Each structure stands twice: as structure tokens, then as C-alpha cells.
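*Asks:* Between the sequences and the hints, there should be enough to build the whole structure, so can you do that?
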Amino acid sequence: MAAIRPESGEEYADGISASEDQLRNRDFKYPSIDPTTQIRLLRVTHQAGKNLPSANKYKYDLETANVSQLAFTAYIALSYTWGEARTDTDIHLIEIDDQPLWIRTNLFHFLSSVTESGIHLPIYIDAICLDQGNDTEKCHQVQLMSQIYANANTVLAWVGVPHADQHGHLDALSRRLETHDAAESQWDVSERIGLSYLCSRQFWRRLWVVQELLLAENIIVVCGEWKILWKDVSRLAALPLPTELLDNQEQVEWWQAWKFPCPESFQTQREYEDRLFDGWHSALRLFHHRSKWRLRQKYVPYSDAVRTRGWPFHRAVRDFRLQQCKDRRDKVFALIGLLDEEGRGMITPSYECPMEDLFVQATAAGLVSLRREAAAQLSDVRNMQHRNRRFCDTLNDILGLPEDGREERAKAALDFATFHHSQVVRSYDTEDVVRRGSELLQTGPQFASQDPEAAKFGTMGFCLFVLHAGVSLFSTFGAFIYLGMETPSIAILMSLSVGK
Numbered sequence: 001m002a003a004i005r006p007e008s009g010e011e012y013a014d015g016i017s018a019s020e021d022q023l024r025n026r027d028f029k030y031p032s033i034d035p036t037t038q039i040r041l042l043r044v045t046h047q048a049g050k051n052l053p054s055a056n057k058y059k060y061d062l063e064t065a066n067v068s069q070l071a072f073t074a075y076i077a078l079s080y081t082w083g084e085a086r087t088d089t090d091i092h093l094i095e096i097d098d099q100p101l102w103i104r105t106n107l108f109h110f111l112s113s114v115t116e117s118g119i120h121l122p123i124y125i126d127a128i129c130l131d132q133g134n135d136t137e138k139c140h141q142v143q144l145m146s147q148i149y150a151n152a153n154t155v156l157a158w159v160g161v162p163h164a165d166q167h168g169h170l171d172a173l174s175r176r177l178e179t180h181d182a183a184e185s186q187w188d189v190s191e192r193i194g195l196s197y198l199c200s201r202q203f204w205r206r207l208w209v210v211q212e213l214l215l216a217e218n219i220i221v222v223c224g225e226w227k228i229l230w231k232d233v234s235r236l237a238a239l240p241l242p243t244e245l246l247d248n249q250e251q252v253e254w255w256q257a258w259k260f261p262c263p264e265s266f267q268t269q270r271e272y273e274d275r276l277f278d279g280w281h282s283a284l285r286l287f288h289h290r291s292k293w294r295l296r297q298k299y300v301p302y303s304d305a306v307r308t309r310g311w312p313f314h315r316a317v318r319d320f321r322l323q324q325c326k327d328r329r330d331k332v333f334a335l336i337g338l339l340d341e342e343g344r345g346m347i348t349p350s351y352e353c354p355m356e357d358l359f360v361q362a363t364a365a366g367l368v369s370l371r372r373e374a375a376a377q378l379s380d381v382r383n384m385q386h387r388n389r390r391f392c393d394t395l396n397d398i399l400g401l402p403e404d405g406r407e408e409r410a411k412a413a414l415d416f417a418t419f420h421h422s423q424v425v426r427s428y429d430t431e432d433v434v435r436r437g438s439e440l441l442q443t444g445p446q447f448a449s450q451d452p453e454a455a456k457f458g459t460m461g462f463c464l465f466v467l468h469a470g471v472s473l474f475s476t477f478g479a480f481i482y483l484g485m486e487t488p489s490i491a492i493l494m495s496l497s498v499g500k
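Under the UniProt record's numbering, the first residue of the sequence shown carries the number 1, and numbering increases by one thereafter.
Worth flagging that the hints you see were computed from the coordinates, not collected in a lab. No experiment lies behind these values; they were computed from the predicted model shown. For each residue, glycine too, the CB sits at the ideal point set by N, CA and C. Careful, some of the hints might be misleading.
[Claimed, not checked] Quick list of the computed label-pair ranges, beta carbon to beta carbon:
| hint | residue 1 | residue 2 | range |
| --- | --- | --- | --- |
| 1 | Glu-273 | His-167 | 18 to 26 Å |
| 2 | Arg-86 | Gly-133 | 52 to 60 Å |
| 3 | Asn-66 | Pro-242 | 25 to 33 Å |
| 4 | Ser-117 | Thr-87 | 38 to 46 Å |
| 5 | Glu-271 | Glu-403 | 46 to 54 Å |
| 6 | Thr-64 | Met-355 | 46 to 54 Å |
| 7 | Ala-164 | Pro-261 | 43 to 51 Å |
| 8 | Arg-296 | Asn-218 | 14 to 22 Å |
*Replies:* The following block contains the structure:
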């Protein structure tokens, strides 16, 4: 998963204290790396003892890899949930580089499974490969997550160790997936329960797994000793999914989400439904969004890939708002790897950044992406005003900010969005983004735009400017098509529309 991901029963925690494993690991010495260009990988080196618990039978080493060479490096990346570390029973001891390191139960079970299965490629595991006590390193490494998971030979989606009473159902599911007509034929009770159990694991609800699964080239879902190819599970889903399911509405029934037929009798259907688990909506949403993501990667020209293949920030917030994380800041940072070039340039990961400054950065990124979408769709001013306000309110709630100061923060974000559009170069370094956000909160919005209408009318001016840009964009597209010229990119057209 990603740089900071402690779990708890609560979705959010504003004051996150060090957990039991982090306290005990303070003296662990990590191999030195350049956190902007290098990562660490974990390698199983040799067997330490036959009578020890599975993960303790082996010793591990950390090795360094250059991010620029990841495409040519054979390694595995792990996608998983951390779990709790509140007491001694939640953590386990392993040996890395001849030093003791405490890890949490879910990860310990994974290492026990993977070492026994004979996988000897190095593995990227954030809880081990990142120095969790070094905030500077973590902030840099968050920005590398997309490259880490996109270049891995395989991403293992570890959903945990199943309960003993589910072993038979998972066996039945595995056998069913081996058949070619798995999506068309009738399923029995045990097979359905196995699928429902697999898709109901807490793993699917976490926010950090989204970019890990969407960016991965190859995925194997691992539940204890059961290994299932992602494509074998996802092909069962009735993609694209209905809007009601994507919005997590409970009235969407199991049968609407899958391709295989319903039971023939109502009584049989009720018996199935009574045995199904809750939470499978989250897995289905990830199947849906990965499918959309892969199609976009396939059909967008390579020359435009880096700039346009990602999600606009406002859409990423909307699509994944139901995913869970403990640190509210990760509601923004966990999405960075999925964003388009402009979104990534406007948001700088920093766990030391005040929440108000993060709000300004993130909201401005959302307003800019809304603005571009409105320009392309020629949205009217009133609709744009409503969408701007709704997005500001959504980010305010997601980040847990108080009602007091809401208007000032929204205006500062709006001014930053306009400031962004006034620049020829649309990418910022870390210091510029944080400085600009802080200045706006301290001095208040000035609406410093090259467009005089935006400066004159404030929020309404911003919306009128959007409409003006949209009309200009439409006219420019028409001119290029009429003249038989090659249609330029959206970024170039937007520059032309605003008179750059």
C-alpha cells in the first residue's frame, strides 16, 4: 500500500500517535537511499531455523533499486491492509539485515505464506521498505507509488487469511473459476458464498489499494493459500456497473452485479442471499474502475499518456470518496498516483502541511479540473457555481475542517485556481505550492487573474471566465477542423482560449 497506512475500526483519526510496532522499531537502521529516486525492496535470503513460526524461519535483507530502472527490475509489489498494532499480540518479530523488526499480524501471515510458497523475487512492502519514522522520506516516496506498482512484475492483492469455515467455499470457487463458462452457468450455494466472502474482505474498502490495483499490470488475489487471477474474478462482474452500485446504494442486489444467472426459484434465491456477506460493493467498484482505467490507457495515444491518462482530481474524489483511510490527509495523497499531470503538479504530499493549506491545494486542483471539464462541455454559469460550491463543501468535510472559516478557505482555493491559470508554466515545486496556499489563507483572496472579468466579479467572474474559455475553446476546435489542420491538445487550446 502506501507510505502511511495504519488501520483502525474508525475510518479517520485526526491525531495519529505512534503504534506499538513503530515505537519498538525506532532503533532499526535502514539502508540509506535517495528518497526521490530510489526505493528499497525486501528479499528472502536464507532459512534461519526449521522449528520457528513460518515467517521466522527465514532471514530477510533490504536492497536498493533505482526508480528509473524499475521497468527492467524483476520484483513483486504487495497490496494489503496494515491491521492494528495496539498490543503485544498484534505484532510479531522478524529479522532483517541482522536486526529485529516488528511487523503486524496481517503482514506476518503474508510473509509466512509467501516464503512457504517459494517466491524468491524481491518484494515491495511499504511497512518494511519505507522508514516509517521519517516523514520527509515518506512524503517523497508517496509520489513514487504509481511507478512502483505500475512497473511490478506482479501485484499480490493479499486479502488476508480466511476463516476455517470458509475453506470449502473457497475451494468450490477456485474450481468454478477454472471452467470456461464460469460466468454463464448456474452456481451452487458454496461457490456463491466463496465469491461473496472473497469480495467482502476489508481489503477492498481501503483507499490506498485503489491506485495499487488500477496501476498494476498483473494482479493475483491471494486469500491464505488460495490464489486467484484478477481477470478470472473480474470477468464475472456485469461491467459497466449501474450508477446505484457505484454510489453504494444498498437496494442494488447481488444479482444485478454479476453475469451468472439468478436461481430459478425465489426460495432458492432467498436462501443464497441470506448466506451472502456484506461489503462486496467495494470490490465491484474496483473491478469497474480498473476496467475503465485500462481502456483509457489502451486508447489514449502514447504521446499524450503522461498528461491526459490520469483522473481529473474532482472526479477522483467523487469516484473514490467511499474508500476508507485513517489519516484524513490520505483522502488526497492516496489519489495522487491516479491524477493527470496538472493534478499531480498542484498537490504536494506533506504530512507536516497544515490541513487548511492542504485544503487550498486540493480544492484548487479540483476547481481547475472542474473548470476544464466545464469549458469542454460549455456548462452554463449557474451550474458551474453549484458544482464549485459542492466540491468545496465535499473537500471541507473529507478533511474534517470546521464550519468556521469555510468561506475564507473556499475563496482562497478559488484564488489559487485562478492564479494557476494565470501562469504559463502549470507545474509548481513543493515550496511554491505550500507557500502560495499559506499566503492566500493569511492575506485572503485577491482574484489576481489576467482575465479582468474574473477579478471584477469574484466568484461570478470565475464562472463567467469558465464560460468564456469554453466558447473560445469550441471556436478554436472548429477553426482547426475547418482548416483541415491537425487538432492540437486540450492544454494548447486552453492556452489559446485564455489569451496566452
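*Asks:* So, for every hint listed, does it hold in this structure?
*Replies:* A quick look at each hint next to the structure:
no. : hint                          : result
1   : Glu-273 x His-167: 18 to 26 Å : 22 Å, holds
2   : Arg-86 x Gly-133: 52 to 60 Å  : 18 Å, violated
3   : Asn-66 x Pro-242: 25 to 33 Å  : 44 Å, violated
4   : Ser-117 x Thr-87: 38 to 46 Å  : 29 Å, violated
5   : Glu-271 x Glu-403: 46 to 54 Å : 48 Å, holds
6   : Thr-64 x Met-355: 46 to 54 Å  : 34 Å, violated
7   : Ala-164 x Pro-261: 43 to 51 Å : 31 Å, violated
8   : Arg-296 x Asn-218: 14 to 22 Å : 18 Å, holds
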